[in-house]
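Chain by chain, the residues:
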Amino acid sequence: MVDLRRDDPRRRTLITPEGLMVPFTLASRGSRVGALLIDLLCMLISLILAAVAISYTAGGLRDIDRHLHGASAQDHAMQALFALWIIVGFLIRNAWFMAFELGPRGATPGKRLLRIRIAARDGARLTPERVIARNLLRDIEIFLPLTMLASSMGEGDSTGWLATGWFLLFALFPLFNRDRLRAGDLIAGTWVVERPRKPLARAMTEQSAETPQAAYRFRDADLAAYGEYELQRLEEVLRLRKPDQMALVVTAICEKIGWHVPHGPEVGPFLDAYYAQLREKLEGGMRMGRRKADKHG
Amino acid sequence: MTDWIDAVKARLGRGAPAEEGAIRAASLRSDRFRQEREGDWKRLDAIVLRLEQGRIGRLSDEDLLELPVLYRGLVSSLSIARETSLDMATVQWLEALAQRAWFQLHGARQGFGGWLKGFFTGGWSRAVRSMGLDLWIAFGVLVAGTVLGWLLVAHDPQWYGALMGGAGDVRVPGASREVLRGTLFGAQDQNGLGAFAAYLFGHNAQISILCFALGFAFGVPTLMLLVQNAGMLGAMLWLFHGQGLTLDVVGWLSIHGTTELFAITLAGAAGLHIGRAVAFPGRRGAMAAAAEAGCRAAVVMVGVVLMLVVAGLLEGFARQLIQDTMRRLTVGGGMLGFWLLYFFAYGRQRLVKKRHG
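Top line first, the protein sequences correspond to chains S and V. Letter 257 of the first sequence, counting from 1, is numbered 325 in our numbering, and no numbers are missing. Letter 44 of the second sequence, counting from 1, is numbered 1329 in our numbering, and no numbers are missing.
Calculated from the structure, these hints are not laboratory results. Hints may contain errors.
[Unchecked claim] Some chain S residues well away from chain V (every beta-carbon gap over 10 angstroms; in silico): (1) Ala-121; (2) Leu-214; (3) Trp-229; (4) Leu-240; (5) Pro-311; (6) Gly-332.
[Claimed, not checked] Simulated pairs of lysine-lysine, DSBU-like, Cα-Cα distance not exceeding 30 angstroms: (7) S:Lys-349 <-> S:Lys-324; (8) S:Lys-349 <-> V:Lys-1327; (9) S:Lys-310 <-> V:Lys-1327; (10) S:Lys-324 <-> S:Lys-363; (11) S:Lys-310 <-> S:Lys-363; (12) S:Lys-266 <-> V:Lys-1327.
We put the beta carbon where it would ideally sit given N, CA and C, even for glycine.
Work the whole structure out from these sequences, hints included.
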């Protein structure tokens, strides 16, 4: 098959132990930012939910200072809740990404929604230590500069610039390397790839038994006008079956091979027949080792 | 369309004769090739989907046994399709399925539980030992920082405020012996210990993660963070030494400090390990070296967080409940001995056995 995506800078190939070339597409930077924002939002919501649940249990957290040093049973309950709050906060901040990426999907909720996942860069297994390493670095990439920024805004001192610069340094890191790695990916030997998931489309030349055999027979000269690239563009058009697109394509083909342009209900059968016969010819050539990449080939 | 799906479903059903799968002969050879194998592909797709959803329990034994067979079938189908078929959608779908199946098969993780077991039974110790040089550097920096802090404050007590920064603390130069002693013994009420321990843990764990993550910048910030923390320690030792409370403060610090400082040293060493790999990658190339060092350091860091849980509990509970210097020293020394034994004596045999075997 002609690799139509060979010029895509996001494309990577991995050779599995069976010698199979498995293609990967690196996730776009936009979807990674989007996934991160969704995750941060989810984290914030869980944090708020945890806070509401804990303060509800504690009865509105008044006089927490007094309770934290008291000795009555109620004070002890309060202290336990305070400890729980700290642990929940720590887990949400540090374990959110790890817990999800350790799962069989290798993706956080945000990544799942945007159909991306993490994978080991060298094709090895995605081990827990890789997931841990890549997410420990998030702390200096996101949380630390953001808390610095927030505190400097609160106090109005000049560390805000430092925090912004720090944040940008890491945020722009993926722009300056080929594989779009952020600092954590670099340390852990991982990258973020797209997770393609679409259903298997129908086979193009599957005819229902009632359909009469198309009357169009093309000569070799008619079929020699195009190559694999054009065939696959035609496949896209035929799968979508939009009338205006098909009309354009049929006109272009007929001009090229010098046939009368069919109209209305004729267009579909004409293109189907041309597709099937062109593909038969090109695939026949492939079996003989002759490939024709495009109309210039 | 619908009867085509029905036909596939019939094919998926067990014991269905293979002929039923051939729905209607397609006119092209490559499409017939696809029709013949489609049932197996779809079955693999369904199995992989269930694996991805983590519903491995709902897979039948038959499915699991056939998984590798189906995968190999898919691999060969894909190779053939690439050479004989110009149906782009099919080839792309096969590529995507191969990728997903590959993640599930070769990503065949031992599971987090299994990993954790390996971690406790030697993995952690081996990771710590493998960064021996960094550990010595981090330890050296810690000692040097402590001495530096002491000397600075001894030279000019003004430094104390600069190093400790805490306003409103009674522990300042010129404080009386009674005041200082009061901070070591008894003064703290013995309630609220759980909350205190949790707070200490959260704070220290965040510092240690910072220490590790900063190693990324060639380890320099990690060293600075280590020196700063050690400087505080040195200044504090000097202050209590001035009032003849050296042994008491050592006891007060050591009960949790042996665990906590050990953890911070490990975090620093892990940071340095990465920094060193980035700066001096050797023949492997910077990327590979960083990835390798990063994974090893991550193992150590999981351990550091666990050690800080222990340290938080010791500081929050044990230090407040044990009010005697000798017993504090015993607990602190015992913890130190335990960690040293665990890291440097445990898990060695297994490695040797593997080497000889």
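Next on the checklist: Output the indices of the hints that this structure fails to meet, ascending.
Outcome noted: none
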